[in-house]
Every structure is written in structure tokens, then in C-alpha cells.
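Protein chains: 2
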Amino acid sequence: MLIVKKFGGSSVANKDRIFNVAKRCIEDYRAGHDVVVVLSAMGDTTDELIALANTINPDAKKRELDMLLTTGEQVSVSLMAMAMQALDVPAVSLNAFQVMMHSTSRYGNARFKRVDTERIMHELDSRKIVIVTGFQGVNKYDDITTLGRGGSDTTAVALAAVLHADKCEIYTDVDGVFTADPRVVKTAKKLDAVTYDEMLELASLGAKVLHNRSVEMAKKYNVELVVRSSLNRSEGTVVKEGSNMEKLLVTGVAADKDTVRISVIGLEDKPGTAFAVFNTLAANNINVDIILQSVGREGTKDISFTVASEDLQHAIEVLNANKERLTIQDITWNEKVAKLSIVGAGMMSNPGVAAKMFESLYNSRVNINMISTSEIRITVLIPEEDIEKAMNAVHDGFGLGA
Amino acid sequence: MLIVKKFGGSSVANKDRIFNVAKRCIEDYRAGHDVVVVLSAMGDTTDELIALANTINPDAKKRELDMLLTTGEQVSVSLMAMAMQALDVPAVSLNAFQVMMHSTSRYGNARFKRVDTERIMHELDSRKIVIVTGFQGVNKYDDITTLGRGGSDTTAVALAAVLHADKCEIYTDVDGVFTADPRVVKTAKKLDAVTYDEMLELASLGAKVLHNRSVEMAKKYNVELVVRSSLNRSEGTVVKEGSNMEKLLVTGVAADKDTVRISVIGLEDKPGTAFAVFNTLAANNINVDIILQSVGREGTKDISFTVASEDLQHAIEVLNANKERLTIQDITWNEKVAKLSIVGAGMMSNPGVAAKMFESLYNSRVNINMISTSEIRITVLIPEEDIEKAMNAVHDGFGLGA
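Residue numbers (full-length UniProt numbering), protein chains in the order written: chain A, 1 to 402; chain B, 1 to 402.
Don't take every hint at face value.
The calculated SDA-like cross-link candidates involving lysine to any residue, where the alpha carbons are at most 20 Å apart (straight line), are [claimed, not checked]:
#1 B/15 x A/47
#2 B/15 x A/291
#3 A/270 x A/232
#4 A/128 x B/327
#5 A/61 x B/119
#6 A/23 x B/187
#7 A/15 x B/88
#8 B/128 x A/301
#9 B/15 x B/59
#10 A/270 x A/291
#11 A/62 x B/86
#12 A/23 x B/53
#13 A/62 x B/291
#14 A/128 x B/57
#15 A/23 x B/59
#16 A/61 x B/128
#17 B/61 x A/127
#18 B/140 x A/122
#19 A/140 x B/118
#20 B/270 x B/327
#21 B/113 x B/47
#22 B/113 x B/59
#23 A/15 x B/53
#24 B/15 x A/192
#25 A/113 x A/47
#26 B/62 x B/86
#27 A/62 x B/113
#28 B/257 x B/314
#29 A/140 x B/270
#30 A/113 x A/86
#31 B/62 x B/90
#32 A/23 x B/61
#33 B/62 x A/53
#34 A/62 x A/48
Quick look at which bits of chain A chain B covers, simulated, 3 or more residues with Cβ under 8 Å [claimed, not checked]:
#35 24-33
#36 87-97
#37 211-219
Since the hints were made in silico from the structure, they are not lab data.
C-beta: ideal position from N, C-alpha, C; glycine also.
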């Protein structure tokens, strides 16, 4: 069996943890399996390197930042190889150049285009554990790129896909994917399995267990993922194609506080005004999430929408700069809001789910500002102060508790 | 003009020094020159990484150690590029993979085989300052190698050679090459120029200004080197072919305390016994320096030789293990010795130099244990406690003082 195992930065943060990971990998190796290990940089290394770069040049070119950051994973993989060698197991570390992880050119946020297998297969054939730097690629200029935060998950999935791995295990510091954040919802239960689509919705809604792009790639190449803890032997959560599993009505509840509602008021009520607003925002790389249009006073219309908190200032600037052209009379915003979502592949065929969610919120006296839905997700915007109460109410309402 | 400038770890140890180096390079760039910069790892990074590796595995494979250590230079070059960009100068950092610095396979002590120029020339053509990682290469397996301590000097010379640079400047924390270590000999004078051969002798005798292999390579490819300070504007010392320069009788005085004398006593006085001793040592990778053979008691012979201090224990073990076969009756050693050398290209045609040296030592009551000479060097082994007195005496004797 060929197993790809990915460990995050906290799993390799110090000597003891490095040896802990080494031993776990060696168990599989000694059982006769081929083992490929993908590692992130140790502990807070990436943040420390970013801070170092900022002292030199806060506007450093992303190419140079990638050149700097990728040293972090190279340190972890070489130390891991040394640890395995200390345990008398042949191991070899490889960086993105050595594997040839071809990526797009975009520094800081590259995507894999093609991953060569020759070197890894050669090392596996000589019965070595192969340890690969996560998070990094090489573009067509032979320059080093990074995949953006959490990119090591994507490295693991990409390798699992091209190597036709039998398993791709993503190790983290939680036991798997939960019905809700266990720190907020005490009755939250670990899920045995979720579909790719559910995982995608959960990931994009604030469940920080898996990097979103890695799930997209796993879905595309049908790589079965297991999310599990590096700290214990818990079985974890399997992420796989939905057709193979019992479809739960609702799989999980997720919350996202990093959102803000913006309202543009008094737009001319004629075709194209809404389009012009969102077109202007998109041209400035501002992603808009939930949208609500309502009738305003005296033949005008109002539009409310949410953006990520970090985009608020930029969005306001852009809207102000185009106020006249967009026929906006006034701009208001509210930062004290949060998104609450329920996700479940079974939702598609069950029309009563939304009503059930709204009932739970009503019973807890939580006011709903906006609503947005997808095939397997319902999201509501509520006051930020109510988010924990609301999460618990909805979690209980659907009987997700352990 | 194409200029290669190499800066050591202490020159890039912190933010201020990085900007200091950046500004010096930018001066040449703004004057219209093409500038290639070679950097070592920041400050004590290499030592810290070695210490880190030792906590994981003191017997780590050198391949993995090289993978680890080479991150140090990658950090310096990316930070330097950021610093130059902060000063509004286009700059790009390149590692050994990106330049393609082909080396032999020997990890920890590789040598360059071939260095590609295409990428560097391309970046220079687009008027960028090119910053290259020193100390590292890539072998035929696509694995990262290091050149051994001080290898960044060699990187600079190799690049100067293949790029046909007009200048190769080696920046250090001293003003250049001196007639003797200025910390020991107060009257020591900076030399304006030395020949490659003189520099080689001085380097191998303890003058730690230049990596020996870099001087060999500079000689082979006729790369004119300038050794100068990164801390001031002093002109430095030119290292070049001897034919172009006035030959000084004696160029400099060097001392080396890291030496120990070993004596093997009572060998059978027949052909081949000395050969057997040195053959055995060589087979165990122990380099022998000065050798002295003398007649022992009762038809036997004694042989004394010097080895580096770090090899003492190993040498004694090897000799003891082969005592019978080598017909050794007794082994003694003395760690309290030091080598004193004078070097000068003019020595070859001046037979009185040795006598002058011995006279200076005699006048200072310094006892000579052993003597060794080359065409441009005379070395004596003396008691370690006399080394500073002896250096000053010889330095004065040849009138080398400022």
C-alpha cells in the first residue's frame, strides 16, 4: 500500500514531536507499506520568517518572500530524515526542485500544474521513506512559489493523486471533522465521514481543518482523505465521494465572524445599477458573499452585501470613489455581524431544513439579517454577539450532539 | 564592468549590516556596472543549524545536513533582494538550483564541476543585481551539496571565472591581507598585493582571510581577487599572478597553533618502515605535515611528524593498533607546539632567507624543533609559548613593519 501522510507545523514543532511523527511513519513502513511524508515548516517558523522579512521590507516582492518562506519546510524535511535515520530507517528529504512540483507562476498563491513522480518512485523503490516539503512549487522560470496558507494539504493531495496512493492522511491537532467547533459547542461530535462538497462548504465557512483547495483537488482526482490527530490514535474523519455514504440531513454547523455587512442606499431603480456596483467591486478584487436587495424610499433601491472583514476598508474606499457614477446616496456598514451556516449533502432532497434552522434561531431569540443558500448549505447573517448561542441552538435543533 | 562581490556571514548578520551591504552593491550598480553578489548565511546561522541537527541525530547523513544547512544562504539572499528592492533597485536572489551550480557528489565537501551562466546573464541583461547563495551546489542526483567551510569564497571565484568578471571582491571584517596577524604583531602592515601562491601558503598556514580552494581556483582561471573590508573603504589587497608584481623577499609571517608533534620511536632501520607508517596514516585520512627522521638508539630510527590537533587522538589510535606491524617501540607526542612560517615569492632566488629567519629566532632565544620548506615558504615548529615572541621577532627581522 502507498500511503501519503501530511503533518502540520505544530506536529513537528520540536525534537520530541519530530520523533513522534517519525515513529508513526515508521510503523507503516515496517508493516511493508510505501510511505511518503509531507511536512509544513516547524511551529511558527513561517510567521517568524514573515516578521523578519517585514523588518527589511514590508513591501517585499512576493517572489523573494517565497524564496525566504520555503526554507522553513526544507528545514523540517531534512530534520525528519535525520530523525528517521537515527531510528535506523532509510529516509530521504526532497524539496520542490527535487520532486519537480511544477506550479503556476503566481508567487504566494500558486497552483500545481504537474507533479513528476520519477524521483519519488525511485526512492520508494529503494525502500526509503520519502519526505517532501509541503507548501511549495517551482514555476516555469525555475523560481520557487508557495501555495498560500495551508498549502501543504494541497501538496499531500497532489502527491497522493499522481502517485495513485491508497491513502492520504492529513494529521492535525484535532481528532477530525466535527459537527461544530467543540470549543463553542460542547456537545459537538466527531464525524466518521463527510463528502467532498460538505467538507468544501465547511472549510470555506471557517472550519479550519483542511485547506479548501486541497479538498477541491481531492474531489477532482477522487483521492480519499483521512483527517486525524497526530496526538492520539483516534480514527479520524474520512472525506470521500458522497455516493458511497449515508447522506446525513445536516453534517455540521459552522460560524465565521470575519465578515461585515455593507449597505449601499438610494440607488436609482433601473436595470444595471446592481450590476455596476458588483462589477466595480470585482474589478478591485473584493469578493462579495451574501447579497440582499430591497426597495428603498422614493423609487430607489438599497443593496446589502457581506465581505470579509479585511476587505471592509478597501470596499468603502472603492464605493466612495465611484459614488456618483453608481448613483449611491449613502453607504453604511456593520462589523458586528457573523455568519452561521449548516451544511449537509442530505439537504438537497429535504425542503424542511431551512424552516427547522429558522425555528431553532427564533426559539433562541436570534434575529436573522440576511439569508443565503446553496444546494447543501444554508447561511444566515446574525448579530455577532449571538453567534455562540445560535450555534448551540441549531446544533441541538438538528440533534447533532453526541 | 561585471563585478562579483562576496560577503561573509558577519557582513549580513542583521538588518543594518544587510542594508550596509545593499548600499555598497548599489553604488557599483548605479555607476553602470553589472553586479553579482554572493552571500553566506547570516551570522552564526550555520553553526546553529548544525547544533539543531545534532539534537536530532549526531550522526546524520551528510546529504541531509547539506539539505538543512543550505537554507541559511537562501534566507540571506532573499532578504538581501528585499533590502535592495526597498532601496528601489531591481534585484533577484538565486539558489544553486536556479543558477545550476553543478558540483561533485560528495556531501559536505563538494567541488564545482560546471556552472551555468544563462540565468545570471539573463537577469543581468534586464539590469538586475543578482544575488547568489554561496557555499552550495547541486550534484548529478539533483541533490544539494555544500562546499565545506568558507565555500562561499569558492562560489564567488567560480562565478567570476565563468562570467568572465572584471573584478572579484571578497569582503571580510579585516582590511586585507597583512604581513602578520595584527592582533599579535602590532607593527603588521597591510599588503597591497600578493601572488596566488603566496596567498595559498598563507591561507594554509592559518591566515583565515580566504578559503584555500578559492585561491586555487582563482589561480587556475586567472581571476584577480581583491580582499577588502565590508566595514570601511580601505583599498584591500589584490591577489593576482606573480609576474605582474614586484616580488617581495618575504610577504608575510603566519602562525598555526592547531598542530601537534607525534614521534614514533625505535623503528627497525630498514627500507620501507617510514613508508609503512605514513601509508597507514594516509589510509586513515590523517594528513601529515612536517616530517623529521633521525637515527635512534641501537640501529633503530625515530620519526617525528606533525598533524592537525583535531587528528591527534585518531592518529594515536591508528598507530597503536598497528604498533607491532610497523615495528614501533614507543609513541610520544607534544601538543604544546606551534608552526611559524614565512612566505614570499622572492624567496626562491634568495638563498639567505632561511638563515635570516633562524637568526631572528636565535636572537630571541626561540628553540626550533623541526623545519620544513617549500619554494616560497619556510616553516619551523617551535614551543607554543614562544609563538607571539617569535612572530614579532621574525616580522621585525625582515623589516616587514609599517
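Verification of the supplied hints:
Distance hint between residue 15 of chain B and residue 47 of chain A is fulfilled; the C-alpha atoms sit about 18 Å from each other, no more than 20 Å. For the hint pairing residue 15 of chain B with residue 291 of chain A, the CA-to-CA distance comes to about 47 Å; that exceeds 20 Å, so the pair is violated. For a cut-off of 20 Å, the pair hint linking residue 270 of chain A to residue 232 of chain A is broken: about 60 Å separates their Cα positions. In summary, the hint linking residue 128 of chain A to residue 327 of chain B is not supported, as the alpha carbons are separated by about 47 Å, beyond the 20 Å threshold.
Using a Cα cut-off of 20 Å, the hinted pair residue 61 of chain A and residue 119 of chain B holds, with the two alpha carbons roughly 19 Å apart. Among the hinted pairs, residue 23 of chain A with residue 187 of chain B is inconsistent with the structure: their alpha-carbon atoms are about 61 Å apart, more than 20 Å. Between residue 15 of chain A and residue 88 of chain B the alpha-carbon distance is near 41 Å, which puts this suggested pair outside the 20 Å criterion. Straight-line distance between C-alpha atoms of residue 128 of chain B and residue 301 of chain A comes to about 53 Å, which puts the hinted pair past the 20 Å bound.
Restraint check: the Cα-Cα separation between residue 15 of chain B and residue 59 of chain B comes to about 34 Å, which exceeds 20 Å; the hinted pair is violated. Restraint check: the Cα-Cα separation between residue 270 of chain A and residue 291 of chain A comes to about 18 Å, which is no more than 20 Å; the hinted pair holds. Taken as a hint, the residue 62 of chain A and residue 86 of chain B pair is honoured in the structure, with Cα atoms around 13 Å apart against an allowance of 20 Å. At most 20 Å may separate the alpha-carbon atoms for a hinted pair to count; residue 23 of chain A and residue 53 of chain B meet this at roughly 18 Å.
This hinted pair does not check out: residue 62 of chain A and residue 291 of chain B have alpha carbons roughly 58 Å apart, beyond 20 Å. For the suggested pair residue 128 of chain A and residue 57 of chain B, the alpha carbons sit about 18 Å apart, so the restraint of at most 20 Å is met. Taking the CA atoms of residue 23 of chain A and residue 59 of chain B, the gap is near 18 Å; set against the 20 Å cutoff, the hint holds. Proximity of residue 61 of chain A to residue 128 of chain B is assessed by CA-CA distance (about 14 Å); at most 20 Å being required, the pair is judged to hold.
Between residue 61 of chain B and residue 127 of chain A the alpha-carbon distance is near 17 Å, which keeps this suggested pair within the 20 Å criterion. A hinted pair counts as satisfied when its Cα atoms are at most 20 Å apart, and residue 140 of chain B with residue 122 of chain A qualifies at roughly 15 Å. The hinted pair formed by residue 140 of chain A and residue 118 of chain B meets the criterion: a straight-line CA distance of about 15 Å does not exceed 20 Å. Proposed proximity of residue 270 of chain B and residue 327 of chain B is supported: the alpha carbons are some 11 Å apart, at most 20 Å.
Straight-line distance between C-alpha atoms of residue 113 of chain B and residue 47 of chain B comes to about 27 Å, which puts the hinted pair past the 20 Å bound. Proposed proximity of residue 113 of chain B and residue 59 of chain B is contradicted: the alpha carbons are some 28 Å apart, above 20 Å. Distance restraint check for residue 15 of chain A and residue 53 of chain B: the Cα-Cα separation of roughly 10 Å lies within the 20 Å cut-off, and the hinted pair is therefore satisfied. Our distance criterion of 20 Å between C-alpha atoms is broken by residue 15 of chain B and residue 192 of chain A, whose separation comes to about 50 Å.
Restraint check for residue 113 of chain A and residue 47 of chain A: not satisfied, since their Cα atoms lie roughly 27 Å apart, outside the 20 Å limit. Distance check on the hinted pair: residue 62 of chain B and residue 86 of chain B sit about 37 Å apart at the alpha-carbon level, beyond 20 Å; violated. A distance of roughly 32 Å separates the Cα atoms of residue 62 of chain A and residue 113 of chain B; the hinted pair therefore is violated under the 20 Å criterion. Taking the CA atoms of residue 257 of chain B and residue 314 of chain B, the gap is near 18 Å; set against the 20 Å cutoff, the hint holds.
A hinted pair counts as satisfied when its Cα atoms are at most 20 Å apart, and residue 140 of chain A with residue 270 of chain B does not qualify at roughly 68 Å. Under the criterion of a C-alpha separation no larger than 20 Å, the hint pairing residue 113 of chain A with residue 86 of chain A is inconsistent with the structure, at around 36 Å. The straight-line distance between the Cα atoms of residue 62 of chain B and residue 90 of chain B is roughly 36 Å, outside the 20 Å bound, and the hint therefore fails. Proposed proximity of residue 23 of chain A and residue 61 of chain B is supported: the alpha carbons are some 19 Å apart, at most 20 Å.
Under the criterion of a C-alpha separation no larger than 20 Å, the hint pairing residue 62 of chain B with residue 53 of chain A is inconsistent with the structure, at around 29 Å. In summary, the hint linking residue 62 of chain A to residue 48 of chain A is supported, as the alpha carbons are separated by about 16 Å, within the 20 Å threshold. Counting residues of the stretch 24-33 of chain A whose beta carbon lies closer than 8 Å to any beta carbon of chain B gives 0, which falls short of the minimum of three for the stated coverage. Residue count for the stretch 87-97 of chain A with a Cβ under 8 Å from a Cβ of chain B: 4. That meets the three needed, and the coverage hint holds.
Against chain B, the stretch 211-219 of chain A contributes 0 residues with a C-beta closer than 8 Å to a partner C-beta. That does not satisfy the three-residue criterion, and the hint is violated.
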